[in-house]
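Asker: In case you want the letters, here they are:
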Amino acid sequence: MTFKQMFTSSVGKKLVMAFTGIFLILFLVVHAGLNACIWAMDGGLMFNKAGHFMGSFVVPRVLEIGLFVGIFLHIIQGYMLTLENRSKRSVGYAVNYSKGSKWYSRSMAILGTLLLMFLVMHIYHFWTPSRLGGMGNIKALDTFVLNGVEYHNLYGEMQLIFENPLVVILYVLACGSLAYHLAHGFQSAFKTIGVHNKRYHTLISVIGYGFAIIIPLTFAMMPISFYFKWVN
Amino acid sequence: MSHTTMNLKVKVWRQRNATAAGAFVTYDVAGISDEMSFLEMLDVLNERLITEGGEPIAFDHDCREGICGMCSLYINGKPHGPWQANTTCQLHMRAFKDGETIVIEPWRANSFPIVKDLTVDRSAFDRIIQAGGYISVNTGNAVDGNSLPIEKAKADDAFAAAMCIGCGACVAACKNSSAMLFLSAKVSHLALLPQGDSERKIRVLSMVAQMDKEGFGSCTNTGACEATCPKEISIANIARLNKEYLGASLTAE
Chain A
1 MTFKQMFTSS VGKKLVMAFT GIFLILFLVV HAGLNACIWA MDGGLMFNKA GHFMGSFVVP
61 RVLEIGLFVG IFLHIIQGYM LTLENRSKRS VGYAVNYSKG SKWYSRSMAI LGTLLLMFLV
121 MHIYHFWTPS RLGGMGNIKA LDTFVLNGVE YHNLYGEMQL IFENPLVVIL YVLACGSLAY
181 HLAHGFQSAF KTIGVHNKRY HTLISVIGYG FAIIIPLTFA MMPISFYFKW VN
Chain B
233 MSHTTMNLKV KVWRQRNATA AGAFVTYDVA GISDEMSFLE MLDVLNERLI TEGGEPIAFD
293 HDCREGICGM CSLYINGKPH GPWQANTTCQ LHMRAFKDGE TIVIEPWRAN SFPIVKDLTV
353 DRSAFDRIIQ AGGYISVNTG NAVDGNSLPI EKAKADDAFA AAMCIGCGAC VAACKNSSAM
413 LFLSAKVSHL ALLPQGDSER KIRVLSMVAQ MDKEGFGSCT NTGACEATCP KEISIANIAR
473 LNKEYLGASL TAE
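Heads up: the sequence lines are chains A and B, in that order.
Mapping to our numbering: the first sequence position 70 is 70, numbers consecutive.
Throughout, our numbering is defined as the position within the second sequence, counted from one, plus 232.
In isolation and in its complexed conformation, chain A is listed as follows (with noise of 0.2 Å):
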């Protein structure tokens, strides 16, 4: 048994999508924990400075290679099962069965569809230009200077980007997809990488429930936040 043969059955694909969608989770966490600095209420300081900290600092600049080929490898893979599971039934039913399990777990590549379109948006808003502004014509972001350091405003343009309510819709619609995401994808990725124990799996469903909710609600109250003005 080859390290690719050990991949490519249909067992090992589906434990690569359970290793990088828990990647991609822990990835969510660290994500909304930094982004929640925006409610320090000190005109986005604390923000900038994190924002600041993860741009400049080795560590979380290799953990950013790895966190684009981990996406990379989630949303290929998912295509590709998809496909390969759809070919597997040539004639459908006339009447389908949808009672057995829940529709979202039935729907897990629309949901990725939509948060890959998402994600498009997103990194168009925030990634681009913080990291490639100023190249060629991409937009650069407005900058300060605090005791010697030059900070990116990436807080200015949080406010400049939610005052479009089109936007804020989408960005919440997007965490709503996250939310049904993560609400099947936890408990999924655990029991895929072989979790069977029946203590562990009701803990492990009732944390990611938890976390389908807990961090979409993070999320989708940052562009609610700016555009009411709950922040200043």
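Keep in mind the hints are simulated off the structure, nothing from the lab.
Glycine is no exception: its CB is placed at the ideal position from the N, C-alpha and C atoms.
Take the hints with a grain of salt, since some may be wrong.
In the DSS-like style, the derived pairs of lysine-lysine whose C-alpha atoms are separated by at most 25 Å in a straight line are [to be verified]: (1) B/LYS329 with B/LYS241; (2) A/LYS99 with A/LYS198; (3) B/LYS384 with B/LYS445; (4) A/LYS99 with B/LYS243; (5) A/LYS49 with A/LYS229; (6) B/LYS445 with B/LYS386; (7) B/LYS445 with B/LYS475; (8) B/LYS445 with A/LYS13; (9) B/LYS241 with B/LYS348; (10) A/LYS102 with B/LYS463; (11) B/LYS384 with A/LYS198; (12) B/LYS329 with A/LYS99; (13) B/LYS386 with A/LYS198; (14) B/LYS243 with B/LYS329; (15) B/LYS445 with B/LYS348; (16) B/LYS463 with A/LYS198; (17) B/LYS463 with A/LYS99; (18) A/LYS139 with A/LYS13; (19) A/LYS102 with A/LYS13; (20) B/LYS475 with B/LYS384; (21) B/LYS475 with A/LYS198; (22) A/LYS198 with A/LYS102; (23) B/LYS348 with B/LYS243; (24) B/LYS445 with A/LYS4; (25) A/LYS99 with B/LYS241; (26) B/LYS348 with A/LYS13; (27) B/LYS463 with B/LYS475; (28) B/LYS475 with A/LYS4; (29) B/LYS386 with B/LYS475.
Cβ-Cβ distance ranges computed for the label pairs, FRET-style [to be verified]: (30) B/ALA255 with A/GLU64: 53 to 61 Å; (31) A/ILE76 with B/ASN373: 39 to 47 Å; (32) A/LYS99 with B/ASN378: 19 to 27 Å.
On the provided structure of chain A, position chain B as indicated by the hints.
Answerer: For chain B alone, coordinates are given in the frame of chain A:
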């Protein structure tokens, strides 16, 4: 208990052979007792079709007591019909109302090709079992049953997994046509017992490889299989199979 009769419409998938194009045909079935089993209702219909010089509807059945795994049928959008933890042969006509239209389809999965009408070829399951769903035992005298002590909880779990009758309802219910509940029941049953321990790694790897070769889909943990399984095989077995696979594939040479 009062005895009632009902008149039904039965919409059945008819297909002459494996390669012919199939279509739904609707039959009126009159005077069906609510105490009949579902297969007896089909028998009544078939008797009539034969009398009228038509071709009877082909469907699989054998023991008609819910233990052999031969009966199938996807009834009104659920494998084995509306009742929980039940096979089609043990489904009774009291589950339906007078005047109702019942839609009967064969298991749909490319790995279960249709032989005729509602009969599908489930030999892919046999080949998965042949790939490792057994233990190798030297011939000779039968070993005393009590020579290997097995704790009660494990014996119960192994037995619950061994309850699988291999009917294929899990594949029929799964949106991915995955055979993982079936496979996991077989792998769990033997992995939980000392008799199955020595071959556990090669077993899970060979059986997963055979399942993939047969063209079943992968598991996305939706739980449709567990919800429809006539023997209520737990989806926790799939997680155990995944653990067996991960362990075996990491440590195998």
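Asker: Indicate, hint by hint, whether the structure satisfies it.
Answerer: Now the hints, each set against the structure:
no.: 1; hint: B/LYS329 with B/LYS241; in the structure: 11 Å, holds
no.: 2; hint: A/LYS99 with A/LYS198; in the structure: 23 Å, holds
no.: 3; hint: B/LYS384 with B/LYS445; in the structure: 36 Å, violated
no.: 4; hint: A/LYS99 with B/LYS243; in the structure: 21 Å, holds
no.: 5; hint: A/LYS49 with A/LYS229; in the structure: 21 Å, holds
no.: 6; hint: B/LYS445 with B/LYS386; in the structure: 31 Å, violated
no.: 7; hint: B/LYS445 with B/LYS475; in the structure: 21 Å, holds
no.: 8; hint: B/LYS445 with A/LYS13; in the structure: 15 Å, holds
no.: 9; hint: B/LYS241 with B/LYS348; in the structure: 21 Å, holds
no.: 10; hint: A/LYS102 with B/LYS463; in the structure: 21 Å, holds
no.: 11; hint: B/LYS384 with A/LYS198; in the structure: 17 Å, holds
no.: 12; hint: B/LYS329 with A/LYS99; in the structure: 20 Å, holds
no.: 13; hint: B/LYS386 with A/LYS198; in the structure: 14 Å, holds
no.: 14; hint: B/LYS243 with B/LYS329; in the structure: 15 Å, holds
no.: 15; hint: B/LYS445 with B/LYS348; in the structure: 24 Å, holds
no.: 16; hint: B/LYS463 with A/LYS198; in the structure: 19 Å, holds
no.: 17; hint: B/LYS463 with A/LYS99; in the structure: 18 Å, holds
no.: 18; hint: A/LYS139 with A/LYS13; in the structure: 39 Å, violated
no.: 19; hint: A/LYS102 with A/LYS13; in the structure: 22 Å, holds
no.: 20; hint: B/LYS475 with B/LYS384; in the structure: 22 Å, holds
no.: 21; hint: B/LYS475 with A/LYS198; in the structure: 14 Å, holds
no.: 22; hint: A/LYS198 with A/LYS102; in the structure: 20 Å, holds
no.: 23; hint: B/LYS348 with B/LYS243; in the structure: 16 Å, holds
no.: 24; hint: B/LYS445 with A/LYS4; in the structure: 16 Å, holds
no.: 25; hint: A/LYS99 with B/LYS241; in the structure: 23 Å, holds
no.: 26; hint: B/LYS348 with A/LYS13; in the structure: 34 Å, violated
no.: 27; hint: B/LYS463 with B/LYS475; in the structure: 23 Å, holds
no.: 28; hint: B/LYS475 with A/LYS4; in the structure: 18 Å, holds
no.: 29; hint: B/LYS386 with B/LYS475; in the structure: 17 Å, holds
no.: 30; hint: B/ALA255 with A/GLU64: 53 to 61 Å; in the structure: 56 Å, holds
no.: 31; hint: A/ILE76 with B/ASN373: 39 to 47 Å; in the structure: 56 Å, violated
no.: 32; hint: A/LYS99 with B/ASN378: 19 to 27 Å; in the structure: 44 Å, violated
The structure fails to meet hints 3, 6, 18, 26, 31 and 32 from the earlier list, while all remaining hints are met.
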